[in-house]
Each structure stands twice: as C-alpha cells, then as structure tokens.
Amino acid sequence: MTSSVEVLDCRGQRCPLPVIALARRLPEVPIGTVVRVLADDPAAANDIPAWCRMRGQEYVGAPAPHTFEVRRTQ
Amino acid sequence: METDGYFDAATAAPLHPVAQQAWQAALADGWADPGKLYSSARRARQLQDAAHQAVAECLGVRPDEVIFTASGTSAIHAAVLGRLAAGRGHILVHSAIEHSALLRVAEHHVAAGGEAVSVPVDRLGRIDLDAWRAAVHQPGVALAALISASHEVGTLQPVAEAAQICADAGVPLLVDAAQSLGRVPVPAGWSMLVGSARKWGGPPGVGVLVVRRPVRWSPPYPQVTNVGLPEMVAAAAALRAATAEAPAEAARLSPLVDRIRTTVAATVPEVEVVGDPVHRLPHLVTFSCLYVDGEALLHALDRHGFAVSSGSSCTSDTLHPSHVLVAMGVLSHGNVRVSLHRQTTEEQVDRFLTVLPGVVADLRAEVGM
Numbered sequence: 098m099t100s101s102v103e104v105l106d107c108r109g110q111r112c113p114l115p116v117i118a119l120a121r122r123l124p125e126v127p128i129g130t131v132v133r134v135l136a137d138d139p140a141a142a143n144d145i146p147a148w149c150r151m152r153g154q155e156y157v158g159a160p161a162p163h164t165f166e167v168r169r170t171q
Numbered sequence: 006m007e008t009d010g011y012f013d014a015a016t017a018a019p020l021h022p023v024a025q026q027a028w029q030a031a032l033a034d035g036w037a038d039p040g041k042l043y044s045s046a047r048r049a050r051q052l053q054d055a056a057h058q059a060v061a062e063c064l065g066v067r068p069d070e071v072i073f074t075a076s077g078t079s080a081i082h083a084a085v086l087g088r089l090a091a092g093r094g095h096i097l098v099h100s101a102i103e104h105s106a107l108l109r110v111a112e113h114h115v116a117a118g119g120e121a122v123s124v125p126v127d128r129l130g131r132i133d134l135d136a137w138r139a140a141v142h143q144p145g146v147a148l149a150a151l152i153s154a155s156h157e158v159g160t161l162q163p164v165a166e167a168a169q170i171c172a173d174a175g176v177p178l179l180v181d182a183a184q185s186l187g188r189v190p191v192p193a194g195w196s197m198l199v200g201s202a203r204k205w206g207g208p209p210g211v212g213v214l215v216v217r218r219p220v221r222w223s224p225p226y227p228q229v230t231n232v233g234l235p236e237m238v239a240a241a242a243a244l245r246a247a248t249a250e251a252p253a254e255a256a257r258l259s260p261l262v263d264r265i266r267t268t269v270a271a272t273v274p275e276v277e278v279v280g281d282p283v284h285r286l287p288h289l290v291t292f293s294c295l296y297v298d299g300e301a302l303l304h305a306l307d308r309h310g311f312a313v314s315s316g317s318s319c320t321s322d323t324l325h326p327s328h329v330l331v332a333m334g335v336l337s338h339g340n341v342r343v344s345l346h347r348q349t350t351e352e353q354v355d356r357f358l359t360v361l362p363g364v365v366a367d368l369r370a371e372v373g374m
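Going down the list, the protein sequences come from chains U and G. Mapping of the first sequence onto the numbering used here: residues 98 to 171, in sequence order. Mapping of the second sequence onto the numbering used here: residues 6 to 374, in sequence order.
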C-alpha cells in the first residue's frame with residue numbers, strides 16, 4: 098500500500114514540541130495517511146512511539162535518523 | 006525544618022531527628038582520632054565500632070563487612086571497581102534501569118577494555134529474568150548489578166530470583182538498595198550491597214558498602230572509607246530508626262501513593278502513571294503528562310510550594326530523557342516523580358492533588374493544547 102506521506106519538520110525543537118506538532122497535525126490528515134516527523138531532540142525517539150501507544154495511533158518506525166513515521170488509524 | 010510540600014525524599018529525605026542528636030553527641034565525644042591509643046581516642050573508636058555494629062544489625066551482616074564511603078555513588082564505584090580488580094572475569098552485567106552512578110562506572114569499565122551487558126525491563130520497569138539468566142550464565146562474568154527498586158518509578162525488582170540465578174551461575178550479585186534501606190526489606194542472596202544515608206534520613210555525604218565473605222573483592226583505591234565519624238554515627242542512628250519505623254511508615258505512605266496514582270489518573274487528562282502499581286516502593290510514584298514541558302511543570306509546582314523531581318530531558322544537564330523511562334518505553338516529557346517521607350502528611354498530599362490539575366491545564370493552555 099502506498100499512501101501519501103506528510104512531512105512535519107520539527108528539527109531544532111525541544112520536547113514536547115514535536116509531539117505537540119504531531120498531535121495537532123494528525124487529526125487533519127485522512128485516516129491511513131502516514132505523517133513523517135523530523136525531530137532531532139533526544140526525547141523524540143522515545144516520546145513519539147509512547148504518544149502513539151497512548152493515543153491509539155500506529156507508530157510505523159524510524160526509517161532514518163531523526164525521522165519517525167506515524168499512521169493515522171482513527 | 007521546613008518540609009511542607011517537600012516531595013523529593015528519593016533524592017534526599019529530611020534529616021531524621023535521631024541523626025541530628027547522634028551527630029551532636031559524636032562531635033562532643035568522638036572528636037579524637039579513633040586510631041590512637043589514649044582514652045579520648047578509645048571513645049571515638051567505640052563510636053565508630055557502634056556505627057558499624059548498628060548498620061550490620063540492620064542488614065543482617067557482620068560489622069567488619071560494612072564499609073562507610075563518601076556517598077552512595079562512591080559506594081557503587083568502589084563495589085564495582087573492587088570486584089573487577091579481583092580479576093574474576095571481565096563482564097559486568099546490569100539492568101537497564103540502574104542508577105546513573107552504576108552506568109557511569111560501566112562505561113568506565115568498557116572504555117578500559119572491559120565488557121558490560123545491559124538487561125532490559127518490561128513496560129512496568131521489571132527486569133526480564135530470562136535475559137538476566139542468559140547474561141549472567143555467559144562465561145567471564147565478574148559481577149551482576151541490580152537495583153532493589155527503581156529510584157525513578159518505584160518498581161520492586163525480583164531480587165530473590167535474580168540472586169538465585171546468580172548463585173547458580175557462581176556470579177556475585179551487587180544490589181543497589183539505596184531506595185529500599187529504611188523503607189522495605191531487601192531480599193537475601195546478594196553478595197554486595199550499597200546504600201546512601203541521605204535517602205533514609207541520614208546526613209548527606211555518607212554511603213554504605215557491604216561486601217559479604219567470601220566474595221573476592223579488593224579495595225580499588227587506598228582509602229575507600231572516607232567519612233567523618235559524626236556523619237558515620239548519624240547515618241547509622243538514622244538507619245536504625247528508619248528500619249524500626251519502616252513497617253508503620255510503609256503502611257501509612259503506601260495508601261497515599263495509591264491515592265496519588267488513582268487521583269492523578271482521574272483528574273489530569275492524558276496522563277500516564279508509570280511503574281508497577283502493586284509491587285512497588287511504599288513512598289514513590291511517577292507520572293507523565295502529555296504536551297507538558299517537564300521543567301516548566303517543576304517550576305510551576307515549586308511556585309505552589311512543592312518540591313518534586315523529573316526524568317524529563319529538559320530537566321537534565323545532558324538534555325537526554327531519563328534512561329529508566331526510555332528503557333520502559335513510557336512517555337518521558339511532562340514527567341514528575343513524587344517521593345514521600347516520615348514528615349509527609351495526608352493534608353500535604355491532598356493539597357498537591359488539588360493544585361496539580363490546574364497547573365497542568367495552564368501549561369497546556371500556554372502551548373495551545
């Protein structure tokens with residue numbers, strides 16, 4: 098399945114700002130869309146998957162350094 | 006002593022009154038050098054012996070197995086380096102959620118050509134015993150180190166099971182009991198144990214290292230004992246008092262921790278209360294609030310008169326989140342650790358629970374959440 102990928106550039110932002118940006122953006126994209134978050138804060142690698150678990154969204158993975166993909170599932 | 010709203014006993018508990026009394030008595034009567042051969046020196050020597058005796062009784066060991074160090078951190082460093090110096094293997098096994106003092110000495114060991122193996126924990130912060138078994142049973146393990154209970158989330162570790170695995174493998178177990186001493190019993194089976202006096206109501210600047218016989222351990226530097234006699238005496242008196250009071254204090258504080266766990270989850274939206282809700286320390290609870298900056302949360306609570314700690318990256322010198330929260334895979338931002346002590350009252354806890362939801366809501370409103 099190839100669906101469109103939204104990019105959210107949060108580089109240079111300190112946690113929790115990347116997670117806040119993701120929480121704002123995800124409800125705006127269609128269900129099934131993957132949002133790619135670019136974030137270089139050391140907490141992002143932990144807190145983006147944790148946010149997905151708490152909010153029932155799908156954490157797809159980290160295909161590259163400082164790059165995190167989340168699919169809107171609901 | 007002003008301790009109203011002080012909820013950071015896991016860093017340093019307020020000084021126990023008997024510690025202050027013992028310290029003053031030891032200053033008055035134990036000022037001489039305990040190594041000399043005159044009567045004032047003998048009085049100092051008696052106080053020093055009594056301090057070792059008191060700690061030994063609390064821990065069920067011999068007085069000559071007790072070593073006082075300058076801090077909990079230096080006790081950990083002396084324990085690990087002294088065991089590695091004994092030349093029995095090159096691998097240090099440890100849990101992923103040890104105190105940073107243990108992780109720093111593990112890095113030091115690796116930088117010097119040694120090997121360290123980190124054993125993962127589950128979402129509640131409890132070590133994976135199968136991974137522990139595999140790590141401990143490999144050839145060349147000099148020492149395995151396990152914290153008795155997480156200093157960040159309060160989860161009790163399966164110390165007895167881990168100790169049995171170590172015994173089967175012939176590997177000594179070092180238990181970091183800093184959060185358990187004077188609070189909860191530490192299961193038997195360990196070979197070495199460390200603690201920190203300021204966490205049980207003793208003075209700052211005193212650690213304890215216990216090395217059971219016949220474990221092979223040699224002092225890694227000329228003077229491992231590095232504590233003044235009054236501090237040593239005060240630390241021992243406080244441990245004896247805290248150990249005697251521990252069952253009643255645990256029975257009093259544990260329901261307050263339950264109240265915090267339940268109330269925070271019910272009154273603060275989008276919060277994660279972390280750690281094992283049942284198999285936990287009686288005095289410590291940790292939670293993380295989505296979309297909240299941990300440092301801003303600490304400052305806001307401080308303005309309301311509450312002193313708490315945080316594992317959020319913005320509160321650390323390195324800007325990295327707590328390795329404990331990361332190992333558990335739980336949210337690290339907006340993190341608060343509350344740890345209670347013998348002067349904590351129900352009213353203080355209720356005031357905190359009343360203030361917290363508004364503080365969190367205000368901080369979220371500032372970022373538009």
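Don't take every hint at face value.
What the hints assert, rightly or not - Taking CB as the label site, the calculated pair distances span:
{"#": "1", "chain 1": "G", "residue 1": "D9", "chain 2": "U", "residue 2": "V157", "range": "17 to 27 Å"}
{"#": "2", "chain 1": "U", "residue 1": "R122", "chain 2": "G", "residue 2": "P274", "range": "11 to 21 Å"}
{"#": "3", "chain 1": "U", "residue 1": "D137", "chain 2": "G", "residue 2": "G119", "range": "50 to 60 Å"}
{"#": "4", "chain 1": "G", "residue 1": "A193", "chain 2": "U", "residue 2": "R122", "range": "25 to 35 Å"}
{"#": "5", "chain 1": "G", "residue 1": "Y226", "chain 2": "U", "residue 2": "A161", "range": "44 to 54 Å"}
{"#": "6", "chain 1": "G", "residue 1": "G145", "chain 2": "U", "residue 2": "R152", "range": "19 to 29 Å"}
{"#": "7", "chain 1": "U", "residue 1": "A161", "chain 2": "G", "residue 2": "Q228", "range": "19 to 29 Å"}
{"#": "8", "chain 1": "G", "residue 1": "S105", "chain 2": "U", "residue 2": "Y156", "range": "43 to 53 Å"}
{"#": "9", "chain 1": "U", "residue 1": "P160", "chain 2": "G", "residue 2": "E300", "range": "51 to 61 Å"}
{"#": "10", "chain 1": "U", "residue 1": "D137", "chain 2": "G", "residue 2": "S223", "range": "39 to 49 Å"}
{"#": "11", "chain 1": "U", "residue 1": "R122", "chain 2": "G", "residue 2": "A172", "range": "29 to 39 Å"}
{"#": "12", "chain 1": "U", "residue 1": "R122", "chain 2": "G", "residue 2": "Q228", "range": "51 to 61 Å"}
To be verified - So these bits of chain G aren't anywhere near chain U, every CB distance computed over 10 Å:
{"#": "13", "residue": "A30"}
{"#": "14", "residue": "A251"}
{"#": "15", "residue": "H304"}
{"#": "16", "residue": "S317"}
{"#": "17", "residue": "S318"}
{"#": "18", "residue": "G339"}
{"#": "19", "residue": "Q348"}
{"#": "20", "residue": "Q353"}
By construction, these hints were calculated from the structure, which means they are not laboratory data. Quick caveat, the model's predicted, so the values are computed rather than measured. The C-beta atom is built at its ideal place from N, Cα and C for all residues, glycine as well.
_Output the indices of the hints that this structure fails to meet, ascending._
As far as the earlier hints go, 1, 3, 4, 6, 7, 8, 9, 11, 16, 17 and 18 are violated by this structure, in ascending order.
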